[in-house]
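First to last, the protein sequences are chains F and U. The working numbering numbers the first residue of the first sequence as 2 and each following residue consecutively. The working numbering numbers the first residue of the second sequence as 2 and each following residue consecutively.
Do not rely on the hints blindly, as some may be mistaken.
Which copy is meant is left open, so a pair is good if it fits within one copy or across any two.
In the DSSO-like style, the derived pairs of lysine-lysine whose C-alpha atoms are separated by at most 30 Å in a straight line are [as the list claims (entries may be wrong)]:
{"no.": "1", "residue 1": "Lys-178", "residue 2": "Lys-156"}
{"no.": "2", "residue 1": "Lys-241", "residue 2": "Lys-324"}
{"no.": "3", "residue 1": "Lys-104", "residue 2": "Lys-294"}
{"no.": "4", "residue 1": "Lys-104", "residue 2": "Lys-241"}
{"no.": "5", "residue 1": "Lys-43", "residue 2": "Lys-151"}
{"no.": "6", "residue 1": "Lys-151", "residue 2": "Lys-171"}
These aren't lab readings, by the way, just hints derived from the structure by calculation.
Protein chains: 2
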Amino acid sequence: MFNFKIIAECKTTRARAGILQTAHGEVETPIFMPVGTLGTVKSLSPEELITCGAQIILGNTYHLYLRPGCDVIRRFNGLHGFMHWDGPILTDSGGFQVFSLAKLRKVTIEGALFQSHIDGSQHMLTPEKSVEIQLCLGSDIVMCLDECIKYPAEKKDTQNALELTTQWAKRCKDAFKNEKNALFGIVQGGMFKDLREMSAHDLLNIDFDGYAVGGLSVGEPKDLMLEMADFTLPLLPDTKPKYIMGVGTPEDIVSLVALGADMFDCVLPTRNARNGQMFTNTGTINISNARFKNDIDPIESECTCYTCRNYSRAYLRHLYLSKELLAYRLNTIHNVHFYMNLVRQLRTAICNGEFEEFKKEFFKNSLQPQL
Amino acid sequence: MFNFKIIAECKTTRARAGILQTAHGEVETPIFMPVGTLGTVKSLSPEELITCGAQIILGNTYHLYLRPGCDVIRRFNGLHGFMHWDGPILTDSGGFQVFSLAKLRKVTIEGALFQSHIDGSQHMLTPEKSVEIQLCLGSDIVMCLDECIKYPAEKKDTQNALELTTQWAKRCKDAFKNEKNALFGIVQGGMFKDLREMSAHDLLNIDFDGYAVGGLSVGEPKDLMLEMADFTLPLLPDTKPKYIMGVGTPEDIVSLVALGADMFDCVLPTRNARNGQMFTNTGTINISNARFKNDIDPIESECTCYTCRNYSRAYLRHLYLSKELLAYRLNTIHNVHFYMNLVRQLRTAICNGEFEEFKKEFFKNSLQPQL
């Protein structure tokens, strides 16, 4: 069922455009996946997501496992039915949240013992358990359980995390008896090229439907992030989709597409919208700024999103300052639309053989955040 | 421009169906007006309001005057353009909030001196100022500034408030030089029938486009509220629209329509939605209830609202317990749809000569709130 086809490649960079075929429909790459942590992309309806151009969304295994729990979601034959989203869903393994959000009790080869951040209840997340939960969620793309190491980290610790990740990946593959959905491996290895190489090599031996680069955007300088992505992406087979996890700004996405990445997810467009920070083609603006008090123009004149077609900066500022619920939604619509429009433009440019020009133009217009 | 036409009357009760013509289109009565305090019916888009059956909404003069202020709204030629709502808008006078929400400094014949609940700034609300603000908002139905007295109240205090209300009503009428929009007077007089009679008599002498009954649902027992409405509504001319302010439950609305009321507003459907309390034909349910944990059915099976067509009680419970923004919106859609559907059914029943049967059936099915 799962399939990946490249339909166009840039001649001068590693950028490519493709089609991911999943059990819930096709996804055009490069693609950005809005984050729907708890079975909802915060404040948006599924219909709005589609209007914004979303094709695939991300669900968080850790959160959904704790709340509402697999027993509830099983009644709906998975997350799609539960949340009224018929398109493809990728789920993370839960590992990242166990290591960052939960109270971690103990990590062994067996798995990670943790306490829920909600009620303190104790749970064990093993590779097998992670796959089981993700299959219960009906995920179209299942991610292997990994240990994502923070930056900076010692080489020894990084290598230990990577070796655990490889062992867990093997067990995920064994546990994953499913022909409908896809299983992706995650390359770790921190900021050490030889470890990244080792990780990629070991994962390729196990053989996955796609590969993610994990452990980026964990606190390292931007240059180093791009350097590691530049080094790691070519280690992965070009016939398979390549996914950079948890990244990033619009600038990051353009740069990483040039390096050969196909898939992205990040909370930036949604979280920043709820903080009043809006993305535009000439940088970010904060909608609470006093200069928008009487501004009858939309966030961005040429933007075709629902928010920009119908509402002014003055109204959005008023809603935001008044903490009105509609504020978060209208802001989120704009930011998600902005991200989806960006990857659509990248794809079109690649298909038309104009990617380099697009990239050049993009970085000329894009300014640093104006907060 | 403003006009009211009765198209059907119940033979055995005072219920009637009519058409209000306003500068922003027609409204079919009996009608319920969702409350859009700050230029937004909390969590809903204007398109969703229309889909829910809303025909006219209410804006709060006190809130909009303080935030964003008339200088901003004037740039949009009024509230319609500012908030992207093209239908009719009724605005209150601001009086109720000045007396209930602001820090009241002094009430004289001239007006009410108050401090903003937001920043403590001092403002004077006079009848002329209230009309001026409402016309700046572009309100289709402007309400006279009144003094609404709490329950219980002494007769002397009630009479003083009523006399002030009458004087202010006269000044509102003088200040209201406008042929496009309508001006409504508000009958006060608390729970004293002779005072209600005096108030109605004096207002009729001034002559308004429509009449509201204020000072109900301010703490008095339900029976007394209905008794006062029953007494007051026939004092008002049948050729004019009659509006019961700030009321009420679905049961109240059915009872009051039988007594001859045409218009209603209340925060119940919207506020209760945000507290998880959902209206159904057999009483209210609280969506956070544990019995809905695995419930794959919608809030109400026969309901045709967006929420009931697409989401289960289990999902709504999950969103609500997770404090997800989508929860408030999906709940509000259902409750507003429920209220709009109720008044539509009342209207249809009146037009078909079946109002009494409908009312009987309604009270047979309607249970007390099950919290």
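Now for the hints, and whether the structure bears them out:
For the identical chains of this complex, Lys-178 and Lys-156 are neighbours neither inside a copy (34 Å) nor across copies (80 Å), given an alpha-carbon limit of 30 Å. When the C-alpha separation of Lys-241 and Lys-324 is checked against a cutoff of 30 Å, the pair qualifies neither within a copy, at 44 Å, nor between copies, at 38 Å. Taking the closest pair of Cα atoms, Lys-104 and Lys-294 come within 30 Å of each other only across two copies (26 Å); inside a single copy the shortest separation is 44 Å, beyond that limit. For a Cα distance limit of 30 Å, the shortest separation of Lys-104 from Lys-241 qualifies neither inside one copy, at 35 Å, nor across copies, at 66 Å.
Taking the shortest Cα distances, Lys-43 and Lys-151 sit within 30 Å of each other inside one copy (27 Å), while across copies they are farther apart (41 Å). In this assembly of identical chains, Lys-151 and Lys-171 lie within 30 Å of each other by CA distance solely inside one copy; the values are 23 Å within and 72 Å between copies.
Of the numbered hints stated above, those contradicted by the structure are hints 1, 2 and 4, listed in ascending order.
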